[in-house]
Amino acid sequence: MRKIVRSSSICLCILTMALAMGASAWAQASAPAVSLTTKELAAAAAQAPTTADLAQGDPSGTKTGTATNIPVSNPKVGLTLADTANQVGQNQIAINFVWTLVTGFLVMFMQAGFAMVESGLCRVKNSNHTYMMNFVVYGCGLFAYWLLGFAIQMGGAAGVANLGGLQPLAVEHAISLFGKSWGLFGGTGYFLSGHTYDVGVMVIFLFEMVFMDTALTIVTGACAERWKFLAFAVSSFIMGAVTYPLYGNWAWGGGWLAQLGSNLHLGAGYADFAGSGVVHAVGGITALAVSMIVGPRIGKFNSDGTSNSIIGHDISAVMVGCFILAFGWFGFNPGSTLGASAAGNLRIGTIAVDTMLAGCTGTFGALLYMWMKNGKVDASMSGNGLLAGLVAITAPSGFVNTVGACIIGLIAGVLVCLSCSFVENFMKVDDPVGAVSVHGTCGLWGVLSVGLFADGTGMGSVRGLFYGDPSQLVAQLVGISTLIGFIFTFSFLVNLAIDVFVGQRVSVESEIGGLDLPEMGQLGYPEFVYRPEPEFMQHAEAKYGVTSSVFAS
Amino acid sequence: MAANRSQGRYYTLFLVASIVLCAGLYDYSGGMGKLLLIVGAVGLVASLLGMMRIKPLEGRTALKPGPGFMKLVGAGVCALGWVITLFGLHMTSSMGGRLVLALVGISVSLFGIVVVLPAAFNKNAVWKA
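So the protein lines, in turn, are chains A and B. Going by the numbering used here, 440 is the number at position 440 of the first sequence; the sequence numbering is gapless. When you read off a place in the second sequence, starting at 1, and then add 1000, the result is the number in the numbering used here.
Just chain B, same shape as in the assembly (with noise of 0.2 Å):
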């Protein structure tokens, strides 16, 4: 399957839930604002099961399941070098301290994109068999 008329309308679903979740975020504090929000919220998720529901019409693609668990992973080490730099930050005041501690929290993100997630992703690739 390719592009199709469901596909239209659920995209058009997508777009005026986000106008009405939007408008709920502007009038927050007013008397239609939060009913809004929840309107806007359900139009959302109604769009996107509705495109989930539709998914499987797409035919096979060229990929295969990979192991999610192991792309939640690196998709922890990533998050976790940036929680190292701004610890370091307040761990000390040095200038010098502060410094080696980016690198590190660096160098630990890009472990996660450069090693980790390649790996996950390439670990049942259709390319290999």
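Same shape as in the complex, but just chain A (with noise of 0.2 Å):
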């Protein structure tokens, strides 16, 4: 009996609240639809909060922002709706901009990472020269992407909706081939001058301009330490003004490399989320040229081909550099959403922590390979195998979900360990920082793991080959392809012509006696006795005739 009516009261609870449910849901379906009056609206304003009220303060923040904070456009009338409507949307631009402005200062402090991380990596006697060059690319880029750089990137890239549409920059150059039109160079946006006097074109040059800056000071580090201050102040004048920009237009300014989705059915066009391509693979690339141009230091490589350790002065530097780097890291991916209030913006957490855990497994794949291989722990190759991890995931972290980042980074720190062996050892190139390795080759990984990894979940719904679209991965290739066919030899050629002109390298004696006084006429640690490293110095002897007495000058 008990039994009976235990079920009894169970089948009975059961029953009402199906009837409640039932009824809660018939409720919503049949509620009618409410619609604001311009009525309410005016109530509402009536009901804020008085000026008297609000000068008494608000601790607990809630009278501050009502409806008496929206602009009304007739006074006469009041609010109404459509000034409700104006000002929700403002709202979400103004979300946006702040977002994608906030994230641009992020990325601008990367300069100062770099700086520390180049000049650490570098002997003491050419600290300032290093310095120098970091510091001064950023005017130079800044300054020819002003002029003529974000002109033919963004000339033709309006529809960004983020940013509330950028329509000024409305011309974007193209040639028809196969019956398709494929975009070249923009053709609007010289001196941000004319329609472009824009408030969302300001803070699209703003995130772009910095992009290309950090494209830029790879170059230098590559370079360090026998490159001349005027070749190095053309050269990235040139990178700033033409060869970045045209890569960035390809994949990001509506050109031919984002339409070959549209004109040729490969997935989503090539997918480039924050620059692993646009801005590591194109600085790493050209740093690779232009060093191959500069040649090796004195004393770099003996005569049978081997080659020897040049230690830098700072590794403390280098370490906080790093970390700079990584914090800046948080403005270069979550930031390429351009903004933080739009379907499909809320995936900026999802981004940082792709880019977070990218970069935790690139440090351990670079530790753990030279941990294993050389029985100690490389501080520099763990620094740059953090910084490989986030080249990596800098494309794919729009596209990826965390399993998928942490295997990018992974194997984008053991790459890093790899490839800078391969160009020292067997292509004879120095690199003092391992630029190259980390920016261009591990730039180049990134491009081509949106190809294999992307889960069709994020920005774009790319879904690479293990998701099912082998095409998306052909998009990448010719990315790729680009890169290293077009982009490497067009900085090749540019940076021999400034070597017949200008000359790229310093002189034997500048270059033994370290660069800061004869190129920038003050010791970078003047404090400092500098003492002859007496290996370079018999290379110097026999081979220049370059005896100690450079450093008495």
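Keep in mind that the hints were calculated from the coordinates and are not lab data. Nothing here was measured: the structure is a model prediction, and the numbers come from that model. Any given hint might turn out to be false.
In the DSSO-like style, the derived pairs of lysine-lysine whose C-alpha atoms are separated by at most 27 Å in a straight line are [stated by the list, open to error]:
#1 Lys63(A) x Lys39(A)
#2 Lys63(A) x Lys76(A)
#3 Lys1128(B) x Lys543(A)
#4 Lys1064(B) x Lys63(A)
#5 Lys1064(B) x Lys1123(B)
#6 Lys1123(B) x Lys1034(B)
#7 Lys543(A) x Lys1064(B)
#8 Lys1128(B) x Lys1034(B)
#9 Lys1128(B) x Lys1064(B)
#10 Lys76(A) x Lys39(A)
#11 Lys543(A) x Lys1034(B)
Here are some chain B residues the structure puts well away from chain A; computed CB gaps all over 12 Å [what the hints assert, rightly or not]:
#12 Lys1034
#13 Leu1035
#14 Ile1038
#15 Val1039
#16 Val1042
#17 Ala1102
A virtual CB, placed ideally from N, CA and C, is assigned to each residue, including glycine.
Given two chains presented individually in distinct reference frames, assemble the corresponding complex, making use of the accompanying hints.
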């Protein structure tokens, strides 16, 4: 009997709950649509705290920000629905503007990280010169980009809804091939004047400019300790004005790589979310071209082809610089949504976590590889591993899940160690900071990884080979081919011409004595007593007849 | 010779000429555009020639001249790889075919970068002596 009562009670409860839920659902389904009337808006404005109320202070934050703060187009009519809707739209764009600007400021701060890493990995006699290259590249790049680069890259980039449409950027020069139109370069935005004197255009200019400067500063690391300052200044200017913007247009400015999806059905077209290819590979590949032309530092290679380690002067600066760069990367990748408020932009959380995870596994990849290979944990390679992971996740960060990010970072961490060895020992290219491997090799790996690991849930529904779309992989390979086939060749020829006109390399005397005095006129660390390195003096005396007297001058 | 006043002067000319050149591009269809373009281009050439004139004063560098033709061949091979990839996109519409041709193009470019160019630059390298 007791069992029957218990069962009946349970059934009754379930029935009551079901009826209640059903009634609730019915009530929701049949509820009349609520529409806000102008009268209600006026009432809301009337109920808002008065000036006298606000004068009492608002410690709980419940009185500040009400209907009275919405600008009214006609004071006689008062607050209308149109006013409210316009304010909602402006709020969305304002959130996106602030997000994009703040993340741009974070990327700008990465210049400090690059300066510390590069200078720390160079000898003390070249510290001022290396810091100055990192400092001046900011101005060179910014000025060139304002004059010409932005117009080439983003002159045809209209249609960015997150920033209000960017309609003034509406001129993309294109050619017609095989019945399709292919964008080549933009044509509006010189000097940010004319119609491009526009709030949205200013925001995208700032954000794209700091990305461009990141690419430029990569080259200074690979060519450190022997690059003539004048040649560096000319080369950086041209890279900021032409080389970087060209590829930037093709990938991000509505150019032909971005059109591979619509024109040739290759996935979603070339996809590079935050710039493994556009920023890092362009910088790394140009660094390779210039460092080939500049040649290796005196004493780097022996006559039998073996190489010598040239130890940097400040590993603490290197490690702090790496952390600054990792911090700035939170602007680099999440900021590339160009907004925090609109459909899909809440992906910024995933992008930030992907970024930090890839940096973590990249560090582990390099650290463990070097530990197992040499028996010691290599600090500078661990730092490079962190950067390699971050570089590699830059392109896929908007398209992959956290497991994919970990795998991409781990592979990048090992890859950077192998690549550094290959560039130095096989190609005989001297790269004091490993910039070619960190940014070039791992940048290309990042571009490729989009075609493999993109899971279709992220921005633009990009789907890679492992998630069922081989055509995206082809689009990524076309991008890689363009980077190493076109960008490398273009950068190489431009810098070969600069070598003819300007001369890329400093004199033997300057190089042996250190570039701080001859190029900058001031030592980086004037209170240090510089001790000539005996092994390099042997090279200098045997091959160039330079003696230690250069230090007296 | 190290950094000096002449370098500073020619770089200033380079920057000013670049501004004028870009102003010409901006106003190309206007009345002054073409004139500015020509003046800017002349200024750029003058700055580069000036830099070339003072280049020998730099003194000896730790580089020996390498085979220039071989360097250009290396750059040509590199560019050829890109051309192969691009034409591959139009030669076939099959995804497999495009994939293979893109990989062939990348391999050709890498051959130019990794094999031909280092051979050109290292042929007369100072460190070999």
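We went through each hint and held it up to the structure:
1. Straight-line distance between C-alpha atoms of Lys63(A) and Lys39(A) comes to about 21 Å, which keeps the hinted pair within the 27 Å bound.
2. For the given pair, Lys63(A) sits about 25 Å from Lys76(A) by alpha-carbon distance, which is consistent with the 27 Å threshold.
3. For the suggested pair Lys1128(B) and Lys543(A), the alpha carbons sit about 10 Å apart, so the restraint of at most 27 Å is met.
4. Distance check on the hinted pair: Lys1064(B) and Lys63(A) sit about 76 Å apart at the alpha-carbon level, beyond 27 Å; violated.
5. Annotation: proposed proximity of Lys1064(B) to Lys1123(B) holds, straight-line Cα distance about 9 Å (limit 27 Å).
6. Among the hinted pairs, Lys1123(B) with Lys1034(B) is inconsistent with the structure: their alpha-carbon atoms are about 45 Å apart, more than 27 Å.
7. As the CA atoms of Lys543(A) and Lys1064(B) are separated by approximately 12 Å, the hinted pair is consistent with the 27 Å bound.
8. The hinted pair formed by Lys1128(B) and Lys1034(B) fails the criterion: a straight-line CA distance of about 51 Å is larger than 27 Å.
9. For the hint pairing Lys1128(B) with Lys1064(B), the CA-to-CA distance comes to about 11 Å; that is within 27 Å, so the pair holds.
10. Proposed proximity of Lys76(A) and Lys39(A) is supported: the alpha carbons are some 14 Å apart, at most 27 Å.
11. A hinted pair counts as satisfied when its Cα atoms are at most 27 Å apart, and Lys543(A) with Lys1034(B) does not qualify at roughly 52 Å.
12. With a cut of 12 Å on Cβ distances, Lys1034(B) stays outside the contact zone with chain A, its closest approach being about 15 Å.
13. Against chain A, the non-interface label of Leu1035(B) holds: every CB pair exceeds 12 Å, the least being about 16 Å.
14. The Cβ of Ile1038(B) lies farther than 12 Å from every Cβ of chain A, with a closest approach of about 17 Å, so its non-interface assignment holds.
15. Against chain A, the non-interface label of Val1039(B) holds: every CB pair exceeds 12 Å, the least being about 15 Å.
16. Even its closest Cβ contact with chain A, about 15 Å, leaves Val1042(B) beyond 12 Å, as expected for a residue assigned away from the interface.
17. Distance check for Ala1102(B) against chain A: the nearest CB is about 4 Å away, which does not clear 12 Å, and the non-interface claim fails.
The structure is inconsistent with the numbered hints 4, 6, 8, 11 and 17, although it conforms to all the rest.
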